[in-house]
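Sequence lines, in order, name chains A and B.
Residue 2 is where the first sequence starts when you use the working numbering, and the numbers rise one by one after that.
Residue 12 is where the second sequence starts when you use the working numbering, and the numbers rise one by one after that.
These are calculated hints, taken from the structure and not from any lab test.
Just so you know, not all the hints are guaranteed correct.
Simulated crosslink set (DSSO-like; lysine-lysine; CA at most 27 Å straight-line) [said to hold, decoys possible]: (1) K10/A / K196/B; (2) K49/A / K262/B; (3) K88/B / K213/B; (4) K70/A / K10/A; (5) K152/B / K262/B; (6) K24/A / K144/B; (7) K10/A / K111/B; (8) K70/A / K23/B; (9) K11/A / K192/B; (10) K70/A / K111/B; (11) K112/B / K192/B; (12) K11/A / K49/A; (13) K70/A / K29/B; (14) K88/B / K99/B; (15) K213/B / K11/A; (16) K213/B / K3/A; (17) K99/B / K89/B; (18) K213/B / K115/B; (19) K144/B / K111/B; (20) K10/A / K262/B; (21) K70/A / K196/B; (22) K10/A / K99/B; (23) K262/B / K11/A; (24) K86/B / K99/B; (25) K89/B / K129/B; (26) K152/B / K10/A; (27) K196/B / K42/B; (28) K10/A / K89/B; (29) K42/B / K11/A; (30) K10/A / K192/B.
Okay, here's what each chain looks like letter by letter:
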Amino acid sequence: MKLSIFSLKKILFQGEALSLNCKTLMGEITVLDNHETLIGVLASGIAKVIDNGNQEHFFEVASGFLEVKESNEVRCLVD
Amino acid sequence: MESVQNLKKRLKSVANIKKITKAMELVAATKMRRSQEIALSSRPYALVALDLLANLTLIEKRRGLKMPELLEQRKIKKVLFVLVASDKGLAGAFNSSLFKKFEKYIAENKQHYEKEEKIFAAVGEKSFQYLSKKHWNIVKKFVNVGDYTAMGQVQPITDFIITGYLEKQWDRVVVFSTHFKSALKQEAMVRRVLPVDFDHVKETVGDIIPQTGKFAELMKKQNLVFTGSEKSEKEYVIEPTPELVLEQLAKHLLFMQIYHVILEANASEHSARRMAMKTASDNASDLGQTLNLQYNKVRQASITNQIIEISAGAEAQT
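So here's chain B without its partners, still in its complex pose (with noise of 0.2 Å):
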């Protein structure tokens, strides 16, 4: 049987570590309702980006105008991967996940990527760290994207991506990252980016909306809810040309996905985070409560030791 001292030693790390992993978890899950929030009042913007960009495409069409460089689907060479994970570990199963999903998805791909090219971004070190263990071919490495991502933090992203796909280093961009379901749920999946086509990014869009909870409701009730707009065409005048509306239009669409993408990976890496606490302090309960039935049993093991000998002691002197 152990020592009460070193019982008391255990009993001791064990209440520490509760006292952590307690606090941690408080932490997270205040940033995660932060992260929800700041994703959530992104979503009137996107809405209005998409209804313009299908305006205009139609427009276009209409037109026969040629589509700007972004938004054209062009013969595909070189494929970018971007993994976005966190930067700090100790959130349970989040990025192991992401990590599982993608290389399902690469193998699942196998055949349809064996001829093109591939190339890795990452985001967060823990992805970085994957990535370089696989000895995949990285070109960047983007860290820090902070707790809440602002929006300056993920210019530097976008430029580069779109820059790189100007210059034809790559022909086709797919995202990895963590799609925030609830705040229980959150579920890796993978999303092309560019070139941009209104499809993809409405499904992003759609996804901003968790599908439950607090958030879920407050979006019913602001009544935002994309039409996606077949109605009356009308004739714009569109200054300067077209044309160019419609590029920056798919540069800011491509921005606002990729700052979207890192909000809600954010957003399920805190609440990953507030799962993996909630469970490690819950066992640190469970754990002092054995160790302190355990501490107690021997403490009264002890004693009852003393006293057997005292009394044996007392009976040899009379």
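Chain A extracted, bound-state conformation (with noise of 0.2 Å):
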């Protein structure tokens, strides 16, 4: 799936992904592949992502938001 991260300083992650393991509102949720079209709060808790490589990447996340579209693309808004 397309992955983009933002931030409000930089853009954190871009590309393909594997997987996207982060916490929300209603708890810890991992998105993958073809994920159906969702909207969310993102809690406070460290997002996981696993690139196409394998490569595991970590981020913070103090708020946010996530929106997973439905052309298999996913999008994370994260203070």
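Since each chain sits alone in its own frame, please combine them into the complex, following the hints.
See below:
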């Protein structure tokens, strides 16, 4: 899936990814390929991204939003 | 004619002034570039947030849900004006043009605001000074917003605005700040930030790119254009509830807007200061040249005088 993570300072991640794991207000979720469309509010925690090369990336999240779009595209806004 | 010593003293002080203004010019130029860069790096975030707002408001409207308070229009009784100016002076017409714009706006909208109570908040030492001189009702002053705004510095300002709004201390928030058009041109402008609405946020986001210069081309290359989403309406699963998401988003958008307004004011301040300092050092070097000429003339005159005296003395001896 195509994943982009934006913060106010810069673009943290942009590219293909296998999974995204993060905390939302409703609990921890993992977004995989072809997830259903979703809008959620992120809670503070660590977001973990596994990219296509099986590399793990970690991002700190204080608050933010998660949007899963229908075209297998995921966008995150984090602070 | 002035004495040689006096001229020399003046020449020296002019040279010193030139050095100082030159240094300030260079510092302001670097700071301007930095703050412009910071302002631009938040652009993708702003666009995505705006897109999300567009989607959510569509959904809310379709489902006929109640809008959160921050997005709702209510009857306006009190208006909060926020004036964003600088802490320090020596920035040319930067502050005065903002205040002029403010006065003009108040005069133009006099009828409109007659019935409404006016409340003021000052960002920057200069705007506080201005407002207190006019005896407006200032509720809060924020200073030391810094050369480059950090998010932590904007947080208290947004918190203050939001809390006051939710407690009904004011029903509308209008911000006066300087829009950074290019390094040579800045413009004072008025923006309404609360209640949050799509068109107003879009306006702010659109303003993020300067119209000319290095960064304008950069933005074109990155192809970050907001399309204004009226596209296919899909059903989203919204967690936890649409209302809560919208409320959170409204807060984020307000924060982003204020953050941006202040960043832009920063960039404008630095470039205004750069211009002012450039003129000052140009003037200093002009003045230095004239003084130098004058100094040489005086020196030459005194030498001629001395020679005349000597030769006259020598003649008298023979």
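* Asked: K213/B and K3/A: Cα distance at most 27 Å?
  -> Since the Cα atoms of K213/B and K3/A sit roughly 25 Å apart, the hinted pair holds (cutoff 27 Å).
* Quick one, are K262/B and K11/A close enough, alpha carbons at most 27 Å? -> holds (20 Å)
* Is K86/B within 27 Å of K99/B, Cα to Cα? -> violated (38 Å)
* Within 27 Å, alpha carbon to alpha carbon, are K10/A and K192/B? -> holds (21 Å)
* Would you mind confirming whether the straight-line C-alpha gap from K70/A to K10/A stays at or under 27 Å? => It holds: about 23 Å lies between the C-alpha atoms, which stays within 27 Å.
* To do: Sort out whether K144/B lies within 27 Å of K24/A, counting only the CA atoms.
  => Not satisfied, since the Cα-Cα distance of roughly 50 Å exceeds 27 Å.
* Regarding the pair K70/A and K111/B, is the alpha-carbon distance no greater than 27 Å? -> Not satisfied, since the Cα-Cα distance of roughly 46 Å exceeds 27 Å.
* To do: Compare the distance between the alpha carbons of K152/B and K10/A with 27 Å, and conclude whether the hinted pair is satisfied.
  => holds (26 Å)
* Asked: Within a Cα-Cα threshold of 27 Å, do K49/A and K262/B meet the stated pairing?
  -> Holds: K49/A and K262/B sit about 25 Å apart, inside 27 Å.
* Asked: Is the Cα-Cα distance between K70/A and K29/B 27 Å or less?
  -> Answer violated: K70/A to K29/B is near 58 Å, above 27 Å.
* Does the structure keep K70/A and K23/B at a Cα separation of 27 Å or less? -> violated (68 Å)
* Asked: Is K89/B close enough to K129/B, meaning Cα to Cα at most 27 Å?
  -> The hint holds at about 6 Å.
In summary, the structure is inconsistent with hints 6, 7, 8, 10, 13, 14, 17, 21, 24 and 28 from the numbered list given earlier, while agreeing with the others.
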